[in-house]
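Asker: Residues per chain, in single letters:
There are 2 protein chains.
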Amino acid sequence: MIESEVDALVTLAHLGEPGDQVLGAYVRKLGPVAAVAAITARKSGLRDGAGLHARLGLADPQAAREKCQRIGAEIITRGTINWPTQLDDLGDGAPFALWVQGAAGLRLAALRSLAVVGARAASSYGESVGRDWCATFADAGWTVVSGGAYGIDAAAHRGALSAGGITVCVLASGVDVAYPRAHEALIARIADEGVVVSESPPGEGVRRHRFLSRNRIIAALTRATVVIEASVRSGTTSTANAAVQLNRHVLAVPGPVTSPMSAGCHNLIREQGAILASCPEDVLEVLGPLSVSIPRGGPDKRLWVIPQRPTDDLTPREARVLDAFPGRGEVSLNKLVCDAGMSPMDVTAALGILAIGGFVQPSGMSWARTGRA
Amino acid sequence: MIESEVDALVTLAHLGEPGDQVLGAYVRKLGPVAAVAAITARKSGLRDGAGLHARLGLADPQAAREKCQRIGAEIITRGTINWPTQLDDLGDGAPFALWVQGAAGLRLAALRSLAVVGARAASSYGESVGRDWCATFADAGWTVVSGGAYGIDAAAHRGALSAGGITVCVLASGVDVAYPRAHEALIARIADEGVVVSESPPGEGVRRHRFLSRNRIIAALTRATVVIEASVRSGTTSTANAAVQLNRHVLAVPGPVTSPMSAGCHNLIREQGAILASCPEDVLEVLGPLSVSIPRGGPDKRLWVIPQRPTDDLTPREARVLDAFPGRGEVSLNKLVCDAGMSPMDVTAALGILAIGGFVQPSGMSWARTGRA
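Residue numbers (the numbering used here), protein chains in the order written: chain Y, 1 to 373; chain A, 1 to 373.
Derived from the structure by calculation, the hints contain no laboratory data. Just so it is clear, the structure is predicted and the values come from calculations on it, not from any experiment. Just so you know, not all the hints are guaranteed correct.
Stated by the list, open to error - Okay, the calculated bits of chain A under chain Y, using three or more residues with CB under 8 Å as the criterion:
#1 266-278
#2 322-331
What the hints assert, rightly or not - Label-pair distances were calculated between CB atoms; the ranges are:
#3 ALA140/Y / ASN247/A: 38 to 46 Å
#4 GLY358/A / VAL286/Y: 25 to 33 Å
#5 VAL286/Y / GLY288/A: 47 to 55 Å
#6 ARG233/A / GLY358/Y: 48 to 56 Å
#7 VAL206/A / GLY273/Y: 37 to 45 Å
#8 GLU271/A / GLN21/Y: 51 to 59 Å
#9 GLU285/Y / GLU17/A: 38 to 46 Å
#10 PRO260/A / LEU333/Y: 35 to 43 Å
For every residue, glycine included, the Cβ atom is placed at its ideal position computed from N, Cα and C.
With the sequences and hints as input, model every part of the structure.
Answerer: What follows is the structure, given as structure tokens:
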């Protein structure tokens with residue numbers, strides 16, 4: 001019997017296929033604990049209920065945590081302080097949990113990130129642009145997110161690493177399953193210097209549809225998606241489409257009209273309204289300032305608001321939590337919950353944003369103002 | 001004393017600098033004959049009046065016609081049947097007359113034309129795209145208009161010629177002055193198989209500002225301007241800007257982001273709203289159908305209207321002239337003037353459009369319906 005929300009989310013991450021919106025909506029309505037209980041009791045009423053139930057044997061949260069320890073990974077779940085809240089823009093398709101391996105914190109790294117993706121069968125032109133530009137992005141403090149594949153993905157990761165930057169590799173397999181195998185060393189280096197992340201549990205191999213669901217994570221994690229090269233019908237365009245749906249910027253790099261590997265980019269510019277990027281500075285201009293932007297979801301709002309004063313960009317909820325802080329000294333989570341009158345999860349989420357914005361910082365088991373604002 | 005409108009326009013073409021809007025407005029108000037008379041009598045009141053007067057000695061219409069005969073050229077003036085009325089979109093900057101050398105009729109050739117322009121210092125990529133695409137355009141029945149310069153211009157002319165198509169070279173010098181000299185043979189071949197045209201009288205050399213005024217003619221003559229390669233600050237962008245102001249389509253061809261010769265094209269796409277063209281078919285799609293489109297000026301209207309029925313696209317004035325035709329048999333210009341109740345110039349202009357549209361055809365000194373519509 002699973003009683004904690006975190007355990008329920010870890011269980012659900014084992015049960016559902018990535019991006020399963022039906023399961024996502026079900027969990028939204030019942031809450032994770034009740035949803036797992038219903039699936040366990042074969043009373044979910046879900047069409048895939050039997051399939052979900054069948055996977056329960058693989059989904060022991062304690063065993064999952066032990067496995068993580070063995071492979072040097074950690075599990076982060078929705079609503080915790082390390083959760084990249086940008087992923088909530090995926091709605092009912094958002095993952096329940098992520099497996100993360102790496103030195104850099106995913107949430108902070110992803111807050112100042114862009115996706116750089118493209119063809120596996122990239123040309124030397126595309127690989128050179130990917131490598132050079134990503135070195136520039138890393139140099140400017142941006143995290144380069146990509147998929148670890150042959151071609152543009154690998155060039156993007158390598159460019160960021162060459163500049164000593166942080167890069168995030170989102171795998172379609174489990175974090176302990178290097179795919180493609182030839183990139184085992186590259187993926188290991190990314191785990192050492194950046195972050196390797198997956199919504200599939202360790203041990204899981206790749207499946208065709210998981211590449212597509214992985215692409216939506218890349219698009220959702222990042223502020224913009226840059227397509228370096230793509231053929232006309234390619235998986236790369238699925239990342240671009242996901243980015244458009246998520247209200248993220250999409251940029252595409254032109255190339256020779258004689259190169260089939262640039263045809264998809266030209267299509268994105270001409271037909272889909274992608275912004276033409278002719279140099280890294282074009283991309284940086286679209287990304288906006290690095291440090292003071294805080295992500296905001298919702299299709300009607302500007303996705304990334306640049307605040308005029310430090311606190312201008314806080315939501316009422318975040319401002320309420322900040323107001324609950326004493327002028328100086330530390331405060332416990334429990335006291336903040338009490339003083340702000342909000343749920344622990346809401347307070348935790350607000351603390352994450354406030355910490356990223358530099359307003360507060362963790363201090364042991366407590367929190368303190370930084371002096372900003 | 002000049003009495004005919006044609007002679008007055010030829011005279012004015014000798015007096016003014018190409019694109020002189022002040023002189024253009026003056027001529028619009030007074031009419032060509034009165035304008036020449038006032039300039040001759042030093043009573044124009046124009047700031048440049050003395051300069052214009054000083055050129056009168058070079059501006060003998062009879063001598064101009066004799067010179068044309070010697071060099072195998074002809075002069076066409078505003079309002080005559082051979083006039084490309086698209087040029088009227090230039091307003092007070094429209095030329096008074098054009099010198100034309102060549103086998104093909106300028107007006108008909110220009111009606112189904114596009115401009116292909118670009119850098120003089122083109123790369124082999126740009127030259128190869130220019131040549132290949134223009135062969136395709138010519139093959140599809142389109143006239144390629146360019147400026148006869150090194151680089152893209154020459155590649156465009158040569159591509160059209162290689163496909164047996166018609167190409168128009170608009171010179172900044174007089175039609176008998178090959179510029180650049182190295183293109184003497186190319187320009188001679190264009191005169192043989194296409195059209196060489198200039199608004200400057202024979203014998204005139206190039207001057208810096210005449211390249212800019214020549215570019216507006218290229219933009220105005222054509223349905224769309226395609227920029228193959230351009231550096232960021234280049235004369236090519238003046239053609240593109242003129243095309244935008246004239247409500248013509250502007251397309252630009254992308255290239256490697258590492259090539260400075262593609263930087264101007266990328267700028268046009270990103271900053272100026274030029275359409276990205278990745279293959280000749282992209283251009284043909286924008287150009288629309290070849291035969292049934294009739295040019296319409298004015299910034300508020302769609303410039304090139306594709307009629308649903310043959311006569312749908314006629315203006316009331318043109319429809320009135322068509323209605324004045326007998327059901328069968330020939331009709332003289334004088335009778336049309338009388339029956340339509342319009343001036344000879346208006347009737348002539350309408351006949352030009354009706355002939356291009358395939359509704360009527362000249363028959364000796366008279367006109368007849370073709371049976372269309």
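Asker: Each hint: holds or not?
Answerer: Right, here's what the structure says about each hint:
Counting residues of the region 266-278 of chain A whose CB lies closer than 8 Å to any CB of chain Y gives 8, which reaches the minimum of 3, so the coverage claim holds. Only residues whose C-beta sits within less than 8 Å of a C-beta in chain Y count toward coverage, and the region 322-331 of chain A has 0 of them, not enough to reach three; the restraint is violated. For the pair ALA140/Y and ASN247/A, the beta carbons lie near 40 Å from each other, so the given range of 38 to 46 Å is met. One distance hint, 25 to 33 Å for the beta-carbon pair GLY358/A and VAL286/Y, is violated here, with the actual separation near 50 Å.
Our hint of 47 to 55 Å for VAL286/Y and GLY288/A is violated, since their Cβ atoms are close to 33 Å apart. Checked against the hint of 48 to 56 Å, the pair ARG233/A and GLY358/Y fails, with Cβ atoms roughly 42 Å apart. A C-beta distance of roughly 41 Å is found between VAL206/A and GLY273/Y, which places it inside the suggested range of 37 to 45 Å. Remark: the range hint 51 to 59 Å for GLU271/A to GLN21/Y is contradicted by a beta-carbon distance near 39 Å.
Between GLU285/Y and GLU17/A, the C-beta spacing of about 41 Å keeps the proposed range 38 to 46 Å intact. Distance hint for PRO260/A and LEU333/Y: a CB-CB separation of about 57 Å, inconsistent with the stated range 35 to 43 Å.
Consistency with the previously given hints fails for numbers 2, 4, 5, 6, 8 and 10, ordered from lowest to highest.
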